[in-house]
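Participant: For reference, the chains in residue letters:
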Amino acid sequence: MAAAFSTQELMIIASAREIQDGEVVFVGMRLPITAFGVARLTHAPNAVGLFECGILRNEPAKDMLYTMSDPPNQQDAAWCTGTAQVMGLLQGGQVDAGFIGGAEIDRFGNINTSYIGGHRQMKTKLPGSGGAADIAAMSKRLLAIMNHEPHRLVRRVGYVTSPGGLDGGTSRRKAGLAWGGTAAVITDRAILKPHGEEGELHLFSVHPGHTADEIKAHTGWELKDHPLLAPTPEPSALEMDALHAIDKDGFWRS
Amino acid sequence: MKSKLVSLKEAVGSFIKDGDRVVIGAGLEHAIPFAATFELIRQGKRHLDLIAPISDASADMLIGAGCASSVTGAWVGNVSGGLGHNYRRAMEQGIPHPLKVNDFSNFSLAMALMAGAYGMPFVPVRSLLGSDITQSNPDHRLLQNPLSDEADPVVLVKPLLPDVAVFSVPRSDLFGNAHHWGSLGVTQEAGLAARKVILLADEIVDPAVISSDPNRVLFPGFKVVAVVHEPAGQYPSPLTGCWKRDNAFFNDYHQRSRQRDGYLSWMDEWVLSLPDHASLRTKLGGRLSDLRIKGQAFSAPANFASE
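Protein chains in written order, with our numbering: chain A, 1 to 254; chain B, 1 to 307.
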């Protein structure tokens, strides 16, 4: 029995589903923290979370997190250490999945959170990488969560903060990145996944209440269908309960 | 040994100079010494280079107040709120004046401080391959790994040597020997790399408390030039075992700093109209005492006995 849900709730839950049980996950700031918590309480009870402030958790935090450094994330942590140690593990190839947010993404999954318009002709200054560039470069699989608008999903980003498939095909490997790349982009309308030799993002699943035509009209390149294209399953009552337990104050769902 | 205990006003006045390269907190969102941020604004410091991977909204406040000429970091904004409005105004419109950014990622900044700490000429990383950060910041240099016969691009990161690093700590003795716990961000690297360290201690303790657990010390006391006894010196950020985060404060700042006038009235209310951090504690009253962590989850003692 499906529960009543908002677009934001569906996006967080759809993101949580991309985390597999038993994975070591590098959890980026803001929405990924909530999505990781939902995964832990539902289908991925053995996923382990690494946080760039220097925390490893085997158990989800017992209270609401506004930032990854909040006291509930510190109490009963499996490891409290520094940024160099947790990101060093990442660079060492010991992290299965990385999970970040974004402002602008292109058809090869490159993400810009630094300069809209590029650093030489900047139109808008965004906060910057934080750990996102490291997570995108060094995770075995990258998951990205963001809002789906034509100015956000663009043919080519003006500045690559966090590398996805770069120019497509083998360009990521040629740049020296021996593994990784964008595995899924979860938006408030759909899920996109790379497909084909170029690894271009394709429409993989359509969220309830949305249509493929509308999603394509809101994408800044000619979005093609993934061969496995299907509707996104609605959130279950279990998933909704988990989200409400993780985001007690409703801050990340509004 | 001579006590290093001074007021926050003296510490900031004596040890932080215009044009210094400063680290104001290195815990990303944890233990950010906002009392020092506010005191820098009150003293009207200028031309600072703000070094930090992420210091929650501290950098945005200093930029809005006109204290900074540059940012050497990975991220400037408001972690729960989103964008940093003062950062945008400075970068996009030169308000209150233009700002230079030296782009890093969290890992490359940690490595740059580590290089500074250990006297390394550079540190090689793979983690910025493919990122335009190597294009916008020439302190990252892309080249072939000289130890490999195969094609193997690496990025060299130049060392960073801050003039001063300021940290909030749960406890310190009068001589700058301090304990840190919880997530550490780049505190150890920044403390070792900085020429001078200023500590804002929530509690001043006997030296025997610190030496009872020397593994909880991140850098030697001789790096510390000033110890300030400043309860809740990290407010509104959290400090493990001591204080919760004041999320409403960050949200209010985010809303009010949206416009320049709103930021100026915020700064007047929360910084300029208060002579010191004790006045801020008084102004907050019950709101601050509600954030005090009252629960107990003590670690088990570790035995350091020699026989």
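Treat the hints with care, since some could be wrong.
[Unchecked claim] Negatives, chain B to chain A, calculated, CB over 12 Å: (1) Ser-7; (2) Arg-21; (3) Ala-31; (4) Gly-44; (5) Leu-129; (6) Asp-213; (7) Arg-260; (8) Ser-279.
[Stated by the list, open to error] Derived pair list, reagent style SDA-like, types lysine to any residue, alpha-carbon separation capped at 20 Å: (9) Lys-123/A x Gln-93/B; (10) Lys-244/B x Asp-249/A; (11) Lys-244/B x Lys-193/A; (12) Lys-174/A x Gln-93/B; (13) Lys-174/A x Met-1/B; (14) Lys-123/A x Ser-136/B; (15) Lys-223/B x Leu-83/B; (16) Lys-244/B x Lys-140/A; (17) Lys-62/A x Glu-150/B; (18) Lys-140/A x Met-1/B; (19) Lys-248/A x Asn-102/B; (20) Lys-62/A x Gly-241/B; (21) Lys-193/A x Ala-230/A; (22) Lys-248/A x Gln-93/B.
To be clear, the hints were calculated from the coordinates, so they are not data collected in a lab.
Don't be surprised by glycine CBs; every beta carbon is placed ideally from N, CA and C.
Participant: For each hint, tell me whether it holds in the structure or not.
Facilitator: Right, here's what the structure says about each hint:
1. Ser-7: 28 Å, holds
2. Arg-21: 18 Å, holds
3. Ala-31: With a cut-off of 12 Å, Ala-31/B comes too close to chain A, as the shortest Cβ separation is near 8 Å.
4. Gly-44: 25 Å, holds
5. Leu-129: Contrary to the label, Leu-129/B does not stay out of reach of chain A, its closest Cβ about 4 Å off (not over 12 Å).
6. Asp-213: Non-interface label on Asp-213/B holds, nearest chain A Cβ at 14 Å vs cutoff 12 Å.
7. Arg-260: 15 Å, holds
8. Ser-279: Non-interface label stands for Ser-279/B: nearest chain A Cβ at 26 Å, farther than 12 Å.
9. Lys-123/A x Gln-93/B: 10 Å, holds
10. Lys-244/B x Asp-249/A: Since the Cα atoms of Lys-244/B and Asp-249/A sit roughly 15 Å apart, the hinted pair holds (cutoff 20 Å).
11. Lys-244/B x Lys-193/A: 39 Å, violated
12. Lys-174/A x Gln-93/B: Given pair Lys-174/A, Gln-93/B is violated - Cα atoms ~38 Å apart, limit 20 Å.
13. Lys-174/A x Met-1/B: 57 Å, violated
14. Lys-123/A x Ser-136/B: Holds - the C-alpha atoms of Ser-136/B and Lys-123/A are around 15 Å apart, at most 20 Å.
15. Lys-223/B x Leu-83/B: 34 Å, violated
16. Lys-244/B x Lys-140/A: With Cα atoms ~34 Å apart, Lys-244/B and Lys-140/A exceed 20 Å; violated.
17. Lys-62/A x Glu-150/B: 48 Å, violated
18. Lys-140/A x Met-1/B: 52 Å, violated
19. Lys-248/A x Asn-102/B: It is violated: about 38 Å lies between the C-alpha atoms, which goes past 20 Å.
20. Lys-62/A x Gly-241/B: 15 Å, holds
21. Lys-193/A x Ala-230/A: 12 Å, holds
22. Lys-248/A x Gln-93/B: 39 Å, violated
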